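Q: Add chain B to chain A, keeping to what the hints say.
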Amino acid sequence: MYRKILFSIITLFGATALSAQQGNLELKTTAAKQEVVVDDEGNQTTRLIPVNTAVPGDEIVYTVTFSNISTESAENVRVTNPIPSQMAFIPGTAFGPGTDVSYSVDGGETFGAPEELTIADPEAGTRIATAEDYTHIRWTLKTPLDAGAQGFARYRARLR
Amino acid sequence: MKSVISHLRRGMKLALTMIVVGAPGVALAVGTPSGTSVDNRAQVDYEVNAVSQLPIESSPAGNSTPGLTNGADTSFLVDNFVDLTVIESGGVDTDVNPGQADAVTTFVVTNTGNTTQDYALTPTNLVGGAVFGNTDNIQANNLRVFVDSNGNGTYDAGVDTATFIDSLLQDTAATVFVVVDIPIGAANGDAANVNLAAVTHDAGSGASSPTAETAGPDTAAVDVVFGDAGRDGTEADDDSYLVTAATLNVQKTSAVISDPFNLTVNPKAIPGALMEYTITITNTGTLAVDSVRVTDVLDTNVTIALGEYNGGSDDIIIQLGTAPDAFCTADAGDLDGDGCGLTGSTLEVDTGLTVGIAAADNPATIRFRVTIN
Numbered sequence: 001m002y003r004k005i006l007f008s009i010i011t012l013f014g015a016t017a018l019s020a021q022q023g024n025l026e027l028k029t030t031a032a033k034q035e036v037v038v039d040d041e042g043n044q045t046t047r048l049i050p051v052n053t054a055v056p057g058d059e060i061v062y063t064v065t066f067s068n069i070s071t072e073s074a075e076n077v078r079v080t081n082p083i084p085s086q087m088a089f090i091p092g093t094a095f096g097p098g099t100d101v102s103y104s105v106d107g108g109e110t111f112g113a114p115e116e117l118t119i120a121d122p123e124a125g126t127r128i129a130t131a132e133d134y135t136h137i138r139w140t141l142k143t144p145l146d147a148g149a150q151g152f153a154r155y156r157a158r159l160r
Numbered sequence: 001m002k003s004v005i006s007h008l009r010r011g012m013k014l015a016l017t018m019i020v021v022g023a024p025g026v027a028l029a030v031g032t033p034s035g036t037s038v039d040n041r042a043q044v045d046y047e048v049n050a051v052s053q054l055p056i057e058s059s060p061a062g063n064s065t066p067g068l069t070n071g072a073d074t075s076f077l078v079d080n081f082v083d084l085t086v087i088e089s090g091g092v093d094t095d096v097n098p099g100q101a102d103a104v105t106t107f108v109v110t111n112t113g114n115t116t117q118d119y120a121l122t123p124t125n126l127v128g129g130a131v132f133g134n135t136d137n138i139q140a141n142n143l144r145v146f147v148d149s150n151g152n153g154t155y156d157a158g159v160d161t162a163t164f165i166d167s168l169l170q171d172t173a174a175t176v177f178v179v180v181d182i183p184i185g186a187a188n189g190d191a192a193n194v195n196l197a198a199v200t201h202d203a204g205s206g207a208s209s210p211t212a213e214t215a216g217p218d219t220a221a222v223d224v225v226f227g228d229a230g231r232d233g234t235e236a237d238d239d240s241y242l243v244t245a246a247t248l249n250v251q252k253t254s255a256v257i258s259d260p261f262n263l264t265v266n267p268k269a270i271p272g273a274l275m276e277y278t279i280t281i282t283n284t285g286t287l288a289v290d291s292v293r294v295t296d297v298l299d300t301n302v303t304i305a306l307g308e309y310n311g312g313s314d315d316i317i318i319q320l321g322t323a324p325d326a327f328c329t330a331d332a333g334d335l336d337g338d339g340c341g342l343t344g345s346t347l348e349v350d351t352g353l354t355v356g357i358a359a360a361d362n363p364a365t366i367r368f369r370v371t372i373n
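Chains as they are written, first to last, in our numbering: chain A, 1 to 160; chain B, 1 to 373.
Hints were generated in silico from the structure; no laboratory data involved.
Since the model is a prediction, treat every value here as computed from it, not as a measurement.
Every residue gets a Cβ at the ideal spot worked out from N, C-alpha and C, and that includes glycine.
Be aware that a few hints might be false.
To be verified - With the Cβ distance kept under 10 Å, some of the chain A side facing chain B (calculated, not the full set): (1) Thr29; (2) Pro50; (3) Asn76; (4) Leu117; (5) Ile119; (6) Leu141.
Said to hold, decoys possible - Some chain A residues close to chain B (C-beta under 7 Å, calculated; not the full set): (7) Glu72; (8) Glu109; (9) Thr110.
With the rest of the complex left out, here is chain B:
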């Protein structure tokens, strides 16, 4: 990773290419910390005329003074080898709802170099392209980035407030959250893909002083050598917010129960006939929908028929999936507070219905009866 220098062989005007054998950057679990002086001193023991002599230590330039401590170390310094990884955590997209605030994706930034570093963090909206198979077609709002301050791996609003990584020791990792708001207009299957970039900065600089690679040849001081992919001290990864909006399908059907002439045998929809309306609400999305409220404005040609169900005591049947029938009354203004009521000609069913996606609670069926005027 050192700068490649062109050399000329003496007497030959040929440009030569230099290859460094044993290229650095070999992945090591733990790199010797930068600034470390690697010292080496050899020793020779010998005899003269069968008499042991004092050992002699080596020095960089050559030493012949006998005795330990009379030599000197041959040393070199360990450079600042800058390397890092940014990896999306979990390997899956994050499910979100339209209008969801503070939707979180998680990344892990690891200092794989040999020096304590700061990292500046930049979240960006990706435009187009696919992450985890989700093609980006909407943009998240209010992108923010926070560092996990307590190491619990979960974004804690108001607790995880740092927006850069401060002094990350070598071979340690920090969890980073990208926090966004999802547009209210997002539809089921929409994807907002985001990218988190971490840029290496000098430790203790408040991520304000970018770490720069030492230009030119090897110097006697500690050099900065970028060993990351792209050799720019910057790494990034992508994540995806997948919108899983609930999608409801509402169907209304009617059937004639009886008429004044044919009674229940082949009844016809004639004045005085009793009709049953069935409203079927099917959840075709991937999320349960709660607080479903159904209103139906009755035609002026019909009048609600009361006491048709549950032994004459209730007016409306609510059935959720395979669950047993539930009943309520269509009393004026919902004075009994059961969630069902009639206001003028508007029938309202607001019982806190939750329509899930499992067969046990999907679809929801609401039935009531009317007479034709």
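Next up, chain A with everything else stripped away, as it sits in the complex:
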């Protein structure tokens, strides 16, 4: 009963209240270790265990979940995640359903596809950037995120 009333209030005042107090989207980041569980029949199941601590060399799975909690469609949604300086991005592990993935090597100023990114090299002039050079990853949704819809973006990195 109380929930219904509360929901109604939000619905009534939602449009203006949300834009002032609350955004249209909710964003959540988790860090986890991937573990493979093998049962007696040899079937493998992958699961993610939230990580409290890790040692150098550990692989961490970062997952960013985004939800449209408003009643309006969100357009040109871009999720950007800075790779922690202690982490080395593992090439080819960034993905997100319905997104285009691009990378930055200049602290998030500009983004591009891996083959477009170059690093100034004192000797060779410029060189193609490697995964170690990436500072940020960006997922750009190909279509608007409808009201109530959600999605996720994910990558893996190794603790240096």
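A: Leaving out everything else, chain B in the frame of chain A:
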């Protein structure tokens, strides 16, 4: 390297085996220091009805309040990954002499973990077994261990006095000396093999508080994880002391030079004959021998013949290897101080002779003449 936990799949009473993908312990030149908080915060930019909205940052539980700084980091801590190496330095045995004091072997202890650590050091005599091809057959005395205090890589007695490694930073190394005394009775080719073990202790504890691995599952605090071989925070290596004692072979021969009847033609060893003794000292060891002193007690039936060499002025010839002849006199009591002398019937040659192992100074030959009474 985390503890493996058995899980049960819901509804199935099957024991499951868990494998951690991306096992840690991958050799890294520099590991992120333990205790580091690795922070991550994503951001979303978007438009509503073609109007750009304030960006929203992420939080571990989910954030929808727009504006930078309104999110929160998703973080984890870096564990204390304990790893070290102990490596004998040089890759060869250490040559020693019988009775040598403070014979040194050198090791390098490297902290390859991600935390500053102390290390306790324990030298032990190995019994049997081969190191560098040397089979251990004797035991060194008075084993001690010292840490190189000034980084010169050389044991300085009285200067390098620390017996444990204090607060070794990650990715740094300390040179450690094992110092022993070699038994006087050791023979050429004997080997005393030793082992140095380094045990990880908490930094600043004076190597008194052993670092212990965190038991059980991953905790929210910084865990201690052993990543070294054997996963015990202890590493060791061996070295060998090889005894290279000098070994001298002494031979004495005689020849008749002349007799009163045949003179020098087919002389015979008859009373009044002149004989020449040759003492040959050959160094068959691997080290030069110095201060060689030769004494020869003359038989009562012979008397030393004086003035036989060097134009009548000397009594003894000393030849070292291929070097030219040297001479000295067999005067009573060595009053002339040339190292050669006669005391009663004992002839002594003590000229500070060094018999090496090269052909130029090996063997040493001493010749003198006597007459048969």
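Q: All hints, please: hold or fail.
A: So, going through the hints one by one against the coordinates:
Taken as an interface hint, A/Thr29 checks out: its beta carbon lies about 4 Å from the nearest beta carbon of chain B, inside 10 Å. Because the beta carbon of A/Pro50 sits about 9 Å from the nearest beta carbon in chain B, less than 10 Å, this interface hint is met. For A/Asn76, the shortest C-beta to C-beta distance to chain B is roughly 5 Å, which falls under 10 Å, so the interface hint holds. With 10 Å as the threshold, the beta carbon of A/Leu117 stays out of range of chain B, its nearest partner Cβ sitting at about 20 Å, so the hint is violated.
Taking 10 Å as the C-beta contact cut-off toward chain B, the hint placing A/Ile119 at the interface is violated, the least distance being around 20 Å. Proximity of A/Leu141 to chain B holds as hinted, the smallest CB-CB distance being about 9 Å (cut-off 10 Å). Because the smallest distance between the Cβ of A/Glu72 and any Cβ of chain B comes to about 5 Å, under 7 Å, the interface hint for this residue holds. Taken as an interface hint, A/Glu109 does not check out: its beta carbon lies about 14 Å from the nearest beta carbon of chain B, beyond 7 Å.
About 15 Å separates the beta-carbon of A/Thr110 from the nearest beta-carbon of chain B, more than 7 Å, and the hint is not met.
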